[in-house]
Every structure is written in structure tokens, then in C-alpha cells.
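J.: The residues making up each chain are set out below.
6 protein chains.
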Amino acid sequence: MRKLVAFGEIMLRLSPESGHRLFQNGTMRTCFGGSEANVAALCAQLGIPSSFVTKIPKNEIGDGAVRHLSGLGVDTSLIVRGGDRLGVYYYEKGACERPSKCIYDRAGSAFAGSGIFDYDAGMIFADAAAFHLSGITPALSEKMPDICISLCKEARARGLLVSYDLNHRSKLWDEEKNKEESERILPYVDLFISNMYQANSIFSIGADTASEESACITVARTMMKRYDIKTVALTVRKTLSADENGFYGMIYDGENAYFSKKYVTGIVDRVGSGDAFDGALIASVLKGSDMQTAVEYAVAAAVLKHSIEGDTAYLSDGEIKALAAGADGRVQR
Amino acid sequence: MRKLVAFGEIMLRLSPESGHRLFQNGTMRTCFGGSEANVAALCAQLGIPSSFVTKIPKNEIGDGAVRHLSGLGVDTSLIVRGGDRLGVYYYEKGACERPSKCIYDRAGSAFAGSGIFDYDAGMIFADAAAFHLSGITPALSEKMPDICISLCKEARARGLLVSYDLNHRSKLWDEEKNKEESERILPYVDLFISNMYQANSIFSIGADTASEESACITVARTMMKRYDIKTVALTVRKTLSADENGFYGMIYDGENAYFSKKYVTGIVDRVGSGDAFDGALIASVLKGSDMQTAVEYAVAAAVLKHSIEGDTAYLSDGEIKALAAGADGRVQR
Amino acid sequence: MRKLVAFGEIMLRLSPESGHRLFQNGTMRTCFGGSEANVAALCAQLGIPSSFVTKIPKNEIGDGAVRHLSGLGVDTSLIVRGGDRLGVYYYEKGACERPSKCIYDRAGSAFAGSGIFDYDAGMIFADAAAFHLSGITPALSEKMPDICISLCKEARARGLLVSYDLNHRSKLWDEEKNKEESERILPYVDLFISNMYQANSIFSIGADTASEESACITVARTMMKRYDIKTVALTVRKTLSADENGFYGMIYDGENAYFSKKYVTGIVDRVGSGDAFDGALIASVLKGSDMQTAVEYAVAAAVLKHSIEGDTAYLSDGEIKALAAGADGRVQR
Amino acid sequence: MRKLVAFGEIMLRLSPESGHRLFQNGTMRTCFGGSEANVAALCAQLGIPSSFVTKIPKNEIGDGAVRHLSGLGVDTSLIVRGGDRLGVYYYEKGACERPSKCIYDRAGSAFAGSGIFDYDAGMIFADAAAFHLSGITPALSEKMPDICISLCKEARARGLLVSYDLNHRSKLWDEEKNKEESERILPYVDLFISNMYQANSIFSIGADTASEESACITVARTMMKRYDIKTVALTVRKTLSADENGFYGMIYDGENAYFSKKYVTGIVDRVGSGDAFDGALIASVLKGSDMQTAVEYAVAAAVLKHSIEGDTAYLSDGEIKALAAGADGRVQR
Amino acid sequence: MRKLVAFGEIMLRLSPESGHRLFQNGTMRTCFGGSEANVAALCAQLGIPSSFVTKIPKNEIGDGAVRHLSGLGVDTSLIVRGGDRLGVYYYEKGACERPSKCIYDRAGSAFAGSGIFDYDAGMIFADAAAFHLSGITPALSEKMPDICISLCKEARARGLLVSYDLNHRSKLWDEEKNKEESERILPYVDLFISNMYQANSIFSIGADTASEESACITVARTMMKRYDIKTVALTVRKTLSADENGFYGMIYDGENAYFSKKYVTGIVDRVGSGDAFDGALIASVLKGSDMQTAVEYAVAAAVLKHSIEGDTAYLSDGEIKALAAGADGRVQR
Amino acid sequence: MRKLVAFGEIMLRLSPESGHRLFQNGTMRTCFGGSEANVAALCAQLGIPSSFVTKIPKNEIGDGAVRHLSGLGVDTSLIVRGGDRLGVYYYEKGACERPSKCIYDRAGSAFAGSGIFDYDAGMIFADAAAFHLSGITPALSEKMPDICISLCKEARARGLLVSYDLNHRSKLWDEEKNKEESERILPYVDLFISNMYQANSIFSIGADTASEESACITVARTMMKRYDIKTVALTVRKTLSADENGFYGMIYDGENAYFSKKYVTGIVDRVGSGDAFDGALIASVLKGSDMQTAVEYAVAAAVLKHSIEGDTAYLSDGEIKALAAGADGRVQR
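Protein chains in written order, with the numbering used here: chain A, 10 to 342; chain B, 10 to 342; chain C, 10 to 342; chain D, 10 to 342; chain E, 10 to 342; chain F, 10 to 342.
Hint data in this document are derived by calculation from the structure and do not stem from the laboratory. Being a predicted model, the structure only gives us computed values, none of them experimental. Any given hint might turn out to be false.
Claimed, not checked - Here are the simulated DSS-like pairs of lysine-lysine, each with C-alpha atoms no more than 30 Å apart in a straight line:
(1) C:K152 with D:K330
(2) C:K152 with A:K247
(3) B:K296 with A:K330
(4) F:K239 with F:K270
(5) E:K270 with F:K247
(6) F:K330 with D:K180
(7) B:K330 with D:K110
(8) C:K180 with D:K67
(9) F:K330 with D:K110
(10) F:K271 with E:K271
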């Protein structure tokens, strides 16, 4: 099977224990994560050969990131080693009515400082079937949008499935800037993924979200027409509290809208649930699933991620399928 | 007061921290448990002299199991030391929509390898008032059913209260085999305990579970008539999610059905909640409670167990009574 | 800005890990806390210069308490060092249907053994704007009521805002005794704070709690008239389970009753939520907020405290305001 | 086999993690211990039926102490439940050149408050072969010396082996007071145990410690003659650093002095090593070992205790014998 | 570069925290290890493509082992998945005078139950330069010696460097049996590695160990002649205490004996230090180092392993070279 | 008493548990530290009013640093809040023959980015008696040397004791650059502190270190003459292994050399031991101690720091004096 290539930043995450504020005691939980790295990690676990492309420093901190990915079966041989530092982010999990808090310390990272010549498209896309990145990546430096476009172009040219998750991060750039750069990337994108509300806002689509499901269809149709995209996948999250979220998704293929079941899920750690959606969706598409199967599978993976500490969706194909089949969750039908 | 004797296997349990998948970090929580051991542990805490009979290896792993039981006041002097290994089970607690996962590594245990001559009924039943075992035990080896029957016979012959919790484990045997062996044991049983759905299915009773309460009565009546049992206690659990369960129980004495209140409980760790039901029920019966008191007490113990990490119901008589009295739970009336 | 002075006991708190019973494993979480100390700690974080007055032993246990308070910005220079021991309390957090359990080991503490000559009102009230204590303090020794009254008198005489949280602790004294001593203190109190049900019961007000909101008004009016108090703040808590509480508050200024939004909050640790109410209320009042703003702010702080392990409300002004503004909690309107 | 009875106080011990100062982070390791309790715990592990007699409060803290002892096989049925609190001690382990620090918070304990009528000699000494206590016990209250003497007398009268470890604690009383009370106890003592230097000082024996071994003999002879004691066992410890101690022992039977090997041992936790000496010595004597065997065994147990966190010598007979046989320690011959 | 293939068992290791006895508290540290797996893990870190061949169950426990190896860069694609269980071993680290304790629970493992048809020599040895196994492997089942011999033969036939570490485990078989089976394997071995004392005893060489260094030479010469081996590497360990060991090594190439420096090292965890010697030696040989360089490198790796918790030598080439170059250890010259 | 002002950077330190390599498991110990911050922290504990001046970001990471310092009694009111990030450093403690490893991630910190206008000398030096900084500070940015010189000048002008610890960090700059900048600072320095070997090398003094003590005197005399310094304090460290160091110090006042005792100390964590020397020395000097007392006190503090995890010397005056008095360390006389 040909591989998925994901491109982006991987960071060290530092989190206090559940129920504790930052530095409340002298211990931090650590893990490594980043949107595209999380996608590669899940795809690899689901049986898709996956390679993560990034630049990380040639020190023990970088080694830690490599070990994390290798352990999950991600190919790390294309990772460029060099540059200054691995980005760090502090993540304090919320609880009850207290929201989660994320503090980035990623400026000056090896990845943000990397340039187009760090990446060799020929090597990167050998044997590849798909290329994935998210809207976080072009936000990381002035040069990054061009690097992303260049790689997307190359991927397109080789006939790969190019997927792009809008993934807006307001701490990195504003919506206007995101729109501007995303519009330069979208011409090379086959599969566009986004939170429905985010896409609606950033692309000023103006769908009436009072009726959420039809808003999904409006957003998907608009993106499709406006940017000539083949497939649009949207997710909808409702924050019921820091401890409970509603979640569902939809795929639109230009003709039909395939909605998943709607879940209400508790939250152990919601970071990476969108990435789990992406990873499971891509894996499902690469395996040739139909749209309805794919959206149920992707949403089930996203929901399951909420139950796991850290960035990574430690999940097997069987576990995701069991939930998608309605095993014993408290699905709202 | 004369003692309760419980017979079965005790294992080492290994669990990752809450919200973590197996081996996600380098730490495991350990405890010792097993259905009948958990029953003895609760009975001892509730003031019933309790003795646990099993066979465990003569090494530090076996010593750990003995210390656990002794610490809770269980008499361990009848435990046979010898044989190969202590069974292990890995238990990954579920969360949100992710179900719990149990991986047995109990084959070849000292207990499974034990034979009838390891157990001296004279010594075991001296000063005993009751004998308890569960359907897990006969499932553990080819010889086990005969050992169980032999001990039940002896217990019956001495006038003990013999209790048997059906406790079907599909990873150990199938329902047909369970039925076959249970039917050889039931003639010596005074108090039959089971999840209502399990009994209904294994004994092909065919109660209509659309009306759950009347199904309870049908199952109880059928078991009673078919196997000439004096008392039947049934529990009903509804899995609302990995984090929330409904739970209630019923005792049927041939004339009346005594239903407990119906609880909805959160879940810290549901392992051992059925055992807590058994233990509290037996303790209550041995103390001479009436049926309504006994079922409320047993269900309250089972519900409280959901709030405690590990296999063991660390509970006092006062705590159970307080909940049974409706203290401040969110009881559905 | 002039300072708040809080007077009371600070103790070492020992808690097993979440989901564990006391001594279930060999680890305890420690923190330092006490009602008035928690108030001072929050006020200091909210930008009110705050000083905590108490007596603690001159040993490493006392040093630990001082470090805790200093780290949060509380002035500890008025703390008297001497006497025998720091009080200890064991706090086992409840879960599901299992209630929390609090075991005091505070008898014979340095504070309880302190006398009037340990405290120098001149130094204590220099530059002070407010003086706070709770009903726990007079309950701690025979001499304490007189010390409290003496300090309240001095504070009143200097024109400070004197606040008193009824805070009944049934393990320390009975309701009658509380009433008797509180009635000696109330003449010097400007701001009376209490759980509505507690005040209604201790002062035999007889408000009809079937209608909870009008009971709040009745209790406030009665207290105001009976004891000539300027402002009454009441809180109402509903224990839905050990994991979920309802919570709201009201301020009555003699003319109007200002009710906060009503929250349903999950519970990581509810200890100190009432103290967070007090601290945020006092801070808000000292900053000159209007009553509606103050009650929303105080209730938001109390609700947020439920999400944090330990006694201390580690909270910033911005976090409290965000929830009060209705950020994304699951507020019942 | 007839049992050993040990009498004294058991406390909750709270310790920061190794290498940490008190309250440096928010975690404490807990265990239960006390000199005589530790003796009983080791004897029980070595196969001597052992009963610990004390008074502890009827709450969960007391329950924790009981579970600890029961888990090790100590009979706890003679423990009186009642009174106010369980004593606490904070123990910060030293390291390198930093000495260990012990802060007692034991005043007002249930045991210290107990009286002679709490203890029923008839029940306590039924089936007993030996009675052990240490010099800590009479130091705990004004009534304690009389209680100790009364129990020693009863034990003597019944022909039990009465052992007394001088165990001076300067934080509890001064040497003069210790001497005075010990002299009232010694007439009933068969086996006197002490650190040689302590005995030399408290009883003003004046042995020349320049020659340590002959000082041992002088101290033993003097004690024996002066107080008509049958056997004297002395230990000698050299503090090389907080991480390394020298240790050896001697038994004198009136005719011969039996010296053990001399060990230099690292230190994980030296608390309870003297108690391990006592426990192993008593067990060895009760099993009928000769003096040389007994002293080697007792010293080996004491040395091994240094390798174990907490108060309790978790040790088996085989482990002690292996070291006594010279297994592969770095014994100084 | 062509790869190293290592063949053997990988187990789950369970260890209590340092200074604690087994089950002293409710936590275990876990890691995965086994002699040959540890060799592959170090070789991979040192830049030698390394593949580990074994059979492990197709469950989450097996997945954990795979993740561990993959994370370190070991190729796991040749691992056979199937069979019953992953072997477990309990490892309690010693301290001071208390020796470490190892309890195997590996009977019935998937690997021990594997047969010759589980392993496909063609696939295994494709692109291989070296084949490594230890004397533990043939001890694991009746079939294992034949499997080992068959694989060694195949490896030899393909011109690979075949290395064999005698690694006697007295809990698995006795010395006679080891000798018998090793003698069937040695004809295919190029590089024989052993603890000098073990080889001397098992092969009844009778070297006079009073002069340790010349004994090394005698043992090496004898093995070489008797079994026609090209290179012999021997290690010598002196147990000074549970906390301090002496360690050095020697390589004999038929002409010269190359001795390493002699180290005295503290011990954090000595498990896997012999495997680190093997791995570093093989890596050094495959990289073409001369004998003196290789032995210094291998011994430095072994010494450094003593400083790391767990089975795995987490070490880089640079770190090993730095110590071999005499960086700042306390080398005995 | 007038205060000490220390100026420099404070960082977040991340360390794996003892005996673990970086990222070996998913936990890090955190603390805050930096050379001058550590000095202020110890001075504050020793009763010297101490103020730390730095610039840190206005976020929760900065808040953590402030809380750490405030908790120890350091005045943090002069800390400038703003700028980008708090520097981070990863510190992996060595063990046995494995050296400690320090990875800086401090580039781009708020402090390194601060400018001269961030610091108001008038406010900083109000009520000050002493000003301390180390050679790390001028190495942090191009602007830093000028800021340091400017502050030193101001301090001199106000008659403060200005102390400077050379503290060379080869990862920040080379020795030549250090010399160049230090020579611009030294004209304003009263008390120069350094590791003797470092000063000898950086200032090319050429003292013959074969005789270490006379080298100390040569280095001190040369520095004194060359840069017109009043007092020179030197330390000498011998790395015996990662677990054991020799340590002593000397003060030279132009006439006499005062040597401390020579210690051999184990190592829990040696980071900050030089800072402890500085802090205790400054505190001792400010309290008016004589030179011999001061050097013994400073060295005892440095030695004791080796026994404590983290950057901070959690030490009391009494503890330091006890070791200086020769309490029971293993002092080489």
C-alpha cells in the first residue's frame, strides 16, 4: 500500500495533572504532538504506511519526538534534523466550568525556521498516495505558506490525494490572513476538512447556523464551488461544558451529504480529536470506503480520542469500527 | 459468629492510570482481586469472619496476594501455597465512549492447576456458616467443576448457606458449557445470584426483557422451580456510557419480589461491583436482615464500589447503610 | 490599595488520590488550607493586598504553610510563630454516590492554643480596609470567641469592612453554640455571608425553603433586621451527586436582592468553594463593584474552584470574569 | 507456637520523596510505624505469632494502622479502639551530608491518653511466650510508666521472656528521666537491648568507648549486675554520612560476648533498623537459636532494613539468613 | 549498511519503585526487555540497522512490546504475532546489602511455544550482516535448541557474523544442560561472549581465577580451541554491594588479549548491562573497529547501562565514546 | 536590614526522574531556577531581605516563576512582566559513570530580549546593601553586558557591595568573550567569586594547579591585583563520579587565605550548589561574619545543596551552621 505523507510541526507538550493548575505541584506530564503528526500517528496505527515530514533539532528533545513517532509505526526517515529548538506548548486541561488553557512557546522552532530547500519533494513523495497538512502549518512563519504551496503542487502533480484541514489557530494568525493563505493552497486540495463554524466564518460564507445541518451543506457546497474542491468534510462540536461535548461530522461529495451519528461524549482530553477525525477519514478513504462508512469511522475515531490523555489517538481499527457500529456508547439517534 | 468461606482464584491486576491506554506511560497500578476474593474481602470488612480458599504460588507474588487479603481481615490460613504462577489480568479502564478492556493472562495458574486433594473440606468448613463461589471458578480448568461440586456438596451436607453467582465470563467458556456445569452445581445451591440478562440467556429462560422488572420475576421463578433453589437475587445494569451506569437489584424468595431503589451512578472503576453485591448480600443475610433490607444494602454496596479504584470494595457497614438510607445520592425513585 | 486582613487557622490537608480510599496506597497529596487562609489567598491573587493572621508552630510544618501563602502573594509577616502543632485534616474526596469524608486532627493546634496577647491589633489593622473571619474560628477554643470579638471590635472602630462567613462545622460545635457566639460577633459585622440553609437553621429563621429564592430574601431580611447588618450574601448549593452540584448566590442590600446565574457544575474538589465566594466577593466589593457584578463574580469564582484540586482557588481576575460573562459554561438561565 | 506480644504506639508517618525537603512538592509517602509495632511486624513475618497491643482511634486513620499490621500477619484483635487521634510523625530522609529530620506530632494521641484499664493482662498474655516494649513507650505520658511496669510484672509472673529496648528519644524526655523510669522497669526485664553508646550514657556506666568492643562488654556486664538482667544485646552504629553507616551488634549472656560481623551499609531508610534488630533477635531466641546465630541474624535483619523505604522491615527468614551467611554483602571481616 | 538480526524472547518487566519491596505500594514501573531484544535496541541506537525476531501474542501486551522496540528504531516487521501470552518477569531492585530479586513468569509464552515453521530464514536473513542470540533462548523450550541451531546454521551459511552470549540462567536450566545445548550451537558461532566465571564453570575449563586476568586468557583460549571459535569476549563483574560493582572486559582474537579499563560503578539498575556489552561490541565490530577500541567501547556501554532504570541501554554512540575516552569516570587504572 | 538585589534570568527547568533518560517515561519534574535567582532564594531563607530583578513574560509560566520566588520570601515586586517567553532548560541528572546533561532552550527569552530601559536603578537599589550577578547574565544577549555594567556602576555609586560570580557557561559563549566582558564589569566588583580552575583558565593566570591550594592563592592574588578587587572567593570541585564530588572553598582578603574544610559529598542534584555558595557567602558577609566563618558557612551551604533535588537550596541558617560545625558529615580533616 502506498503511503500517506503528513507535513507540519511536532512539539513537546507539557501538562499538569488532571484537576491541577499549571505549576500547582512539581510534576508535568509530557507527550509529543502536533496536528499533522497526530494524523500520521493514527493512520500508521490503522495500517496506512505513514511518513511524517518536519524539521526538528538534532538533540535529545528532537530524539524524543522521533521515538514517539517511530514507536507508533510512523516513518521518520524523512525528518530533517537541525535548527534551533523543538517548539513547546503548555496545555492545562480544563474541568467543570474551567476551560482548557493552551500556551504556545513555539516561536523560533527548527520547523518554523526551515526553508524550502530543507525538503526534497522527490524523496518525500516517493511511493506516496496522499499528502496531508493543516492550516496551522502555513501560519508558522513567513516562508511557510510558500513551502506548503510548493509541496501541495508537487503532490497534486503526482496525482496524490491532497487533504487540508483548515484548523484555525487564533494565537498564530487572524482569520483574514488564514483566508488569504488558505486560498493560495486550496487550488491544490482534493479533500477539505474543517470545523463547520470555522469555515463559515473564515470564508465569510454566511450560512445560517440556526439550522446546523443545512449550514453544513451550505458551507460544503460553497467551498466546493468557490475553490473547485472534490470532497468537503465538516465537523460540528458543541461545548456543553469543559467535561462534555457534542460531536458529529458530515462529508459532502458534491451530490450527497453523509451525516454521521451525533455523539455526546465526556472528555478526558480533547486535544487531537480533530486530528483523529482527519487521520481516520484519510485512512478510510485510502482503504476505499464509501462516504457514509468513512464519516462514521472518522467521527467515531474523533469521539474515542476524547477518552485518551495526550495528543495521540492510541486507537485500533477494531475499536473505531466497534463504536461506529454503535457498540454501547450513548449515541443520540 | 460463624464464618463465610469463599473459594476461587485471586489474581494480580495491572492497570494503566485513568485516561491512559495500556503502556502509554511506564507505570501500572497494581492490586489483587478475583470475584470470590472480593466477596470475602467485603464480608470481612462488614464484620463477618471470612476465609478465602485458593491455591497460590509460594513466592513473593503469592505473598502479595496474602498480604492484601490479610490486611482486610480475611483469614488466609486455609490458602494452599504451591504451584506455578499467580494469574495476571490487565485491566484498562474505559472512559467516555471507550469501553474498558480486560486481558486475561491466567492460564497455567496455581489455582487452575490445583486438584481436589489440595482442599481439605474438614478444615475448610470448620466453624463455617456459608460457602460462596462463582461461575468463574468451574470455568478455570477441566478438574474445577468436580472440585466445586464436591465442595458444594460438603457444604450443603454441613448445613451451610451455599451461594453461587453465575458470573459468566465469555473469555473463559461459552454459555452452553456454563449452563451444563452450573446445572451440576445448582442442586447444592441455596442462594443463586446473577445478572438478570445473563441468567435469562444462559438458561434459555426466555423472559421478555422489554418489561425488565417482570423479567426479573420470571427469571427468578424459573430458576427457583427448575433447580429447586430457595432464594434468587438478580441485578440489572444499564451501560449508559463508559462513565455512567444504571444499577438495581431484586431478591425473590418464592413469594415476594423485593426490588431495590434504582441508581444511576458514575464510574471510577466498576470491576468488583457485582462482587460487592454478593458480599453485602451474604453479610446481610448472615446477620439476619429481612429481604428488603438485604437487597437495598447489597445494591448500595455495589453502587458504592463504582466509586473506588481497583477490585476491592473498601467499604464500611455505616457507609453502605447511609446510601441505602438514601443519603444524598441521585436516586431515581 | 489598603489591605484585607483575614484571621483564622491554616491546616495541613492530606488527601488520597482521586478514586482512592484513605491509605489505599502509600501516597497522599498535601496542601495547606483553611477557610480564612483560602479567602486571603484568592484576594491576593485578585490584586487585593492581603494579610493572613494566625499562629503556627516554629517548625518545618509551619514553614510549609508560610511558603504556600507567600507564594500566592499573601503577606505572612503578621503570622505569629510558636505553639505546639499545625492542625491536620484528612480529606478523602468522594466520587459517584460516595460522599467526601473529612477527618479533623486539629485539636491542640498552635492557633487553637493562642491567646489574645498573641495578636497586636495596631499592627494587624495598619493600612487595612477590611477584616474577614468565619464561624470556624470562634469554634476552635474557649478563648477564641473573645479573641474574635475583640478583633472585630477593633476593626469596626477603625472603620474597616468586617465580613463574617457563618461556615458552620458540625464536627466542631453544635448549632446552638454557634448561634450564641455568632450573636456576640454580629454586632460588629458589615457583611454577613452564609449558606442560606445554614443561616435559616442556625438562627431559626423559619423561611420556607420550598421556594428557595424567596427563602433567600427572607433569611437576608431577617438577619439584617435582627442584627443590624448592612449587607447579606447567601449561597445555595444543591448536591446532585458527589460529582455534580448546583450553585448560585444572592446579595441583599436592604433594598434589592441580586441573584446570580444558577450553575450546575462538575466537581474535581469542592473544598474551598465557599471560601472562593467570600474572597471574590470581598475583592469585588473593595474594588467598588455594584452588587449584581459582585454576586456574579463571587459565584463564578466559587464555581471555578470546584474544578481545582486542593483548598486553594488558583484563579485570576480574568478567568472569573470570563465565566461570569457566561463564557461557555452550561449555565441554567 | 506461643506468641510475642508487643506494646507501644503506632503512628502515621509522612515523608517527602527521596532527595526532597518537606513540602517541596505536593506529595507525601505514607506508612505506619512505631518501634514496638515494627518489632511485631518483623516477628510475624519470621513465623512468630505476634500480637500488637495499643490504643488507636476508632476512625479511618486507625483503620489504616490496623490494615497495615494485619497485612503483615500481626494479630490486631487486642488493639483497643477509642480515644482522640493517631500520632503523626514527619520524617524527611537525609542525603549526602544532610541529616534526616524527624518532627513528632504525637501529643494527645489515643495511646498516650490511654490508661491501665484499657489493657486486660489476662487476654493480652494468653498463649504468650514473650513481651516486648521499648523506652519510647514509658516516655509518652505520665501514666505510661506505671502501665508498662504493670504489664511487665504480669508478663514476668507468667514466665514470659520480657525484652526492653532502651530506645532513648531526646525529643520525648531527657536521659535522667529515662534512667529513672527504666530503672523501675528493668527488674522485670530478661533481655535488655540498647545502642551501646546510649546505655553507656543514660546509665552513666562510663565505659571507655575508645575501645568500642570492650566498651560493649563493660556496658553489658554493668547492666547485668546492676539490674540483674539475664541477657544484654547491644548495637553499635557509626554514621559515616547520611548515606552510609557502619553497624554491628553483640549479645552478652553473662559468660561470653558474641559479636556479629561488622557491616558498612548504604542507607535507603534507616528508620526501624533498630526495631528490625529487636524483632529478629526475639524471633531467633524464641526459635531456640544459639547466641552467635541470634546476633548474626539480628544484625543482618537490621542491616537489611536500611535498604527498605518506610518503617517496616519487609524481610523473610531466608533473606536474613542469606546475608548472615555472608551472601554477597561487603562485610568487613 | 547491512543489518543485525537478534533472536530471542521479549518480556514485560514489572518493578516496584527503588527502595521498595514487591507490592509495598500499589505501583509498578513497567518496561519491555529480554537479552537479545536489548542487544537489538542498543545496536539500533548506535546506527546499526537491527531487526528483532521473536513471537509475541496478537494483543495489546504484544503491541506494547512492538512499540517499545519500534520507538528505538528496531525493525519489528519480522516479529511473528500469535500464540498465548507475553512472558512477564518481576524485578525487584536490590539496595545496600539486599540483593536484587528476579521472579520469572515466562512459562507458556508465545515465544516458548513457537516452532521452527514460525521463522522464515530467507526473510529473516535478507540483507543481514550478523546474527545474535544468547544462551537464554535455547533454554526456553524443548524445541528451542533445534530452532536456534537451525537459524545459526542458516546464518553461517550466508556468511553472517554469528554471536552467542552464554548468559546462563540457573532458573531456566542447569549448567550441564546448558553445556550440552551450547555445544551443539557453538560450531556455528564466530563470536563467543560470556562472563568469564560462567564460561569457566559451565565448560569445566578449570582456569585458576585467583589470577583473574590470566584466567580470562585461559578461558578464551580453551573455548577457541575446543569449539573452533574465531573471537572470544569475556566480562568480569565483581559485586561489591547491591549498590556498587566492578566491571571490565577482554577480547581474545587468538593472538592477543585486549583488556579494557577496569571500572567501579554505582548501580541504578544493572539488568541489561551484559546485553549492552554485547550490543556495543557487535556494533563496534560491524563498524570495523579494532579489538582494543571494541572492548573499551563495549565495556563503557555496559558500565553506562548501570546508570539507567529498566532493561534498555538508552545510550548514544557519543556518550559511550566519551566514557571510553575516560571522560570523568572514576576509572581504576 | 537592607536588602540584597540579584539580577539575572530565571528559567523553567524540566527533569526526568532520577535514573531515567529524557523522555524515558511520560513525566517531568519541574522547578524554576537560575544562578542569581537561586542566590536570592537562599539569602531570603537566611534572613536577608532579597529582591530578584529580571524580566519574565506576563503569562502563567511567568506567574509560576514568581510564585516560586515569593514562596521562598524573595521580593518579586521589581520583576518586569512582559516579553515573549520564559527560558526553559532540560536537565537530565547523571548517575554512576553517566554525566549530567543540560540542554538550554533559553534563546528569545523575555529577559534576553530586555533592554536598559526595562530596569529603573532608583527603584531597584532603594534600601539595598548588596548587588549580585553572575557571568551567565552578560552572556545572554548583545545588550546584556551594557545593562550589567550600568547596574553595577549604579550599585557601586550607591556604596553597595557588588558581587560577581564568573560562572562560565561554554554553551553560551567562549572563554575569550567571557574574559572581555567580565573585564568591563570587574572594575565595579567588590567580591569576585569563581571556581578556581575556571578563573585560572579564563583570565590566563597560569597558576600551577598541581598544588591546588597554592593555585587558589595565586589566582586570588592575581585577580585582586589585576582588577583591584577587595575580596576573592574561590571554590574547588573534584568530580569523583556522577555520584560523588569533592568540594571546598577559600576566601582571600588580600592578606590571608581562609580555607574551608574539604568535603566529599554524595550527589542528589548538584545544580545550584555554586549558587548556594554565593548566597550563603553574601548572607554571611552582610551579617558581618569573619572570613573563616564565612567560607565555612558558604561551603557548608554548597555541600548541603548537593542533597536536594532541583535548583533551589532549601536550607535554613541552622542547618548550614550545623554542618559547618562539623555535625556528622564525613569531613576530610
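J.: Could you run down the list of hints and mark each one as holding or not?
T.: Structure-based check of each hint:
no., hint, result
1, C:K152 with D:K330, "59 Å, violated"
2, C:K152 with A:K247, "55 Å, violated"
3, B:K296 with A:K330, "49 Å, violated"
4, F:K239 with F:K270, "23 Å, holds"
5, E:K270 with F:K247, "21 Å, holds"
6, F:K330 with D:K180, "21 Å, holds"
7, B:K330 with D:K110, "44 Å, violated"
8, C:K180 with D:K67, "15 Å, holds"
9, F:K330 with D:K110, "15 Å, holds"
10, F:K271 with E:K271, "28 Å, holds"
Of the numbered hints stated above, those contradicted by the structure are hints 1, 2, 3, 7, listed in ascending order.
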